[in-house]
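Peer 1: For reference, the chains in residue letters:
2 protein chains.
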Amino acid sequence: MGSAMRFVDRLSKSIAAVDSYLCVGLDPDLSRMPEGIPRTPEGVLEFNIRMIDATKDIAAAYKPNAAFYEAMGHQGVWVLEETRRAIPSDRIALLDAKRGDIGNSSQKYAEAVFDTMGFDAVTVSPYLGRESLIPFLERPDRGAFVLSRTSNPTAGEVQKAHTGGMSLYVAIANMVAEMDGVNAGLVVGATVPGAIDEVRAAAPGIPLLIPGIGAQGGELGPAVKAAAQGPVLINSSRGIIYASSGTDYADAARKAAWNLAEDMRKAR
Amino acid sequence: MGSAMRFVDRLSKSIAAVDSYLCVGLDPDLSRMPEGIPRTPEGVLEFNIRMIDATKDIAAAYKPNAAFYEAMGHQGVWVLEETRRAIPSDRIALLDAKRGDIGNSSQKYAEAVFDTMGFDAVTVSPYLGRESLIPFLERPDRGAFVLSRTSNPTAGEVQKAHTGGMSLYVAIANMVAEMDGVNAGLVVGATVPGAIDEVRAAAPGIPLLIPGIGAQGGELGPAVKAAAQGPVLINSSRGIIYASSGTDYADAARKAAWNLAEDMRKAR
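Line by line, the protein sequences are chains A and B.
Under the numbering used here, think of the first position of the first sequence as 1, with each following residue one higher.
Under the numbering used here, think of the first position of the second sequence as 1, with each following residue one higher.
Check each hint, because a few of them may be wrong.
Label pairs and their in silico Cβ distance ranges [what the hints assert, rightly or not]: (1) A:S31 - B:R6: 27 to 37 Å; (2) B:M5 - A:H162: 38 to 48 Å; (3) B:M179 - A:M179: 31 to 41 Å; (4) B:R238 - A:E138: 14 to 24 Å; (5) B:D9 - A:G103: 34 to 44 Å; (6) A:K266 - B:E82: 46 to 56 Å; (7) B:D19 - A:G217: 33 to 43 Å; (8) A:K266 - B:G103: 27 to 37 Å; (9) B:E82 - A:E46: 23 to 33 Å; (10) A:E138 - B:A267: 32 to 42 Å; (11) B:I49 - A:D251: 47 to 57 Å; (12) B:G103 - A:G103: 46 to 56 Å; (13) B:A201 - A:G103: 28 to 38 Å.
Just so you know, these hints were derived from the structure itself, not from any lab.
Here the structure is a predicted model, which means the values were calculated and not measured.
Idealized CB from N, CA, C, for every residue including glycine.
Model the full structure from these sequences, guided by the hints.
Peer 2: See below:
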């Protein structure tokens, strides 16, 4: 709090501190809590705190996905607020929320994420154009990762539409690069061959959030390569937090996080 | 609860019961609470309940926008849950949330909106393609309004991209019409000349949610005309809930709602 450091610098500093691009996705499902953790909002908070404690010298960022908390109602949003508090202040707390609305509503979402909940960064969806993104990009010390090319199977239906002689997702990357080089980032999935290179070429220096490694089948190589031209976060959720469903879940998460961070180092 | 009536029929029934397409947007801002209402989450809930009571024989639907509640943190989400409970069961409770994520996350959002909070319908954003929409469209008695052409100034930057020889927003309307004729709807802004006709032509019979009337400058004519070929909700937020900032706010809201509903009837 109160730090005037630019978001891109905070992110780079966190990555350097752990020598890793690892972003741990905190997507807890009540029905998948390991042995010994109660299937309640309080249990989920305990689980998240243990995950953070087990990986905080390995992960550069933590990324709770809002959907998993909202499914528990207002108590789940309380868990989200407390989870954010448990993330060390020298790591990046990134809310995966894919928000995006008309100007005055986006302004309220930015207030919710940055002021009320205190997150460092958020993912946002560009379907409503530039106006919907601006409220998330007005704070030099906070970041917004705009969806460009997502990792899911049907992403191309919309993202491969054409505009101005290029694919929509490349046009979004250009638009974001043009809007702001300080606190805007882009989301590009590791599952789409070539997409990381394309987005990186359109937006050199811009932070990238790369999902799709592991369970979704994406490869590390291009993701790590993109880090040579600007900060990169490579996300893993289920592969880490559900590494074991037994009482050794925290050790197993630590081991999985460590192995993935090592694989990233080797892929440089 | 427990009703097996299809969403499109529930919506048509609600519209017929009040003889109006009016959807009241419940976007309460702590800083704009009228005289006599405390600027607290409890105050906002009281305000919403009075708005609903004042308009429930005029409005076919109520549409809280999640951003305004999330800005108040988990207590705001509690207000949202209680606001939903205050909406009569024979009116449509529509959450304006513009959600959309990869499959398993969208599944959690659908659970949050329909099961945990009990809304009848939700707005969803199509940037991630069909897979991200399916979890919202699997319940015949609940509806999902997919963003097609939104009412804000920069919407065209993305929505006018081209795919399959047409604008993206028309392609989205085609996709949604093809996916489901029972519980899928579309959002199309009244501010874009011609867009309502285009979307209606691509998706005859599909429910439309039309924002952009009033403060945003859209006209009633094309919106009302679209109701001849399928159910339509025409939204007004600020023009109703902030009709007066004095202690007569509930009467003023009722009058504004009544006048708008009358204008809709005359525009038929």
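Peer 1: Any of the earlier hints contradicted here, and which numbers?
Peer 2: Going through the list in order, the structure violates hints 7, 12 and respects the others.
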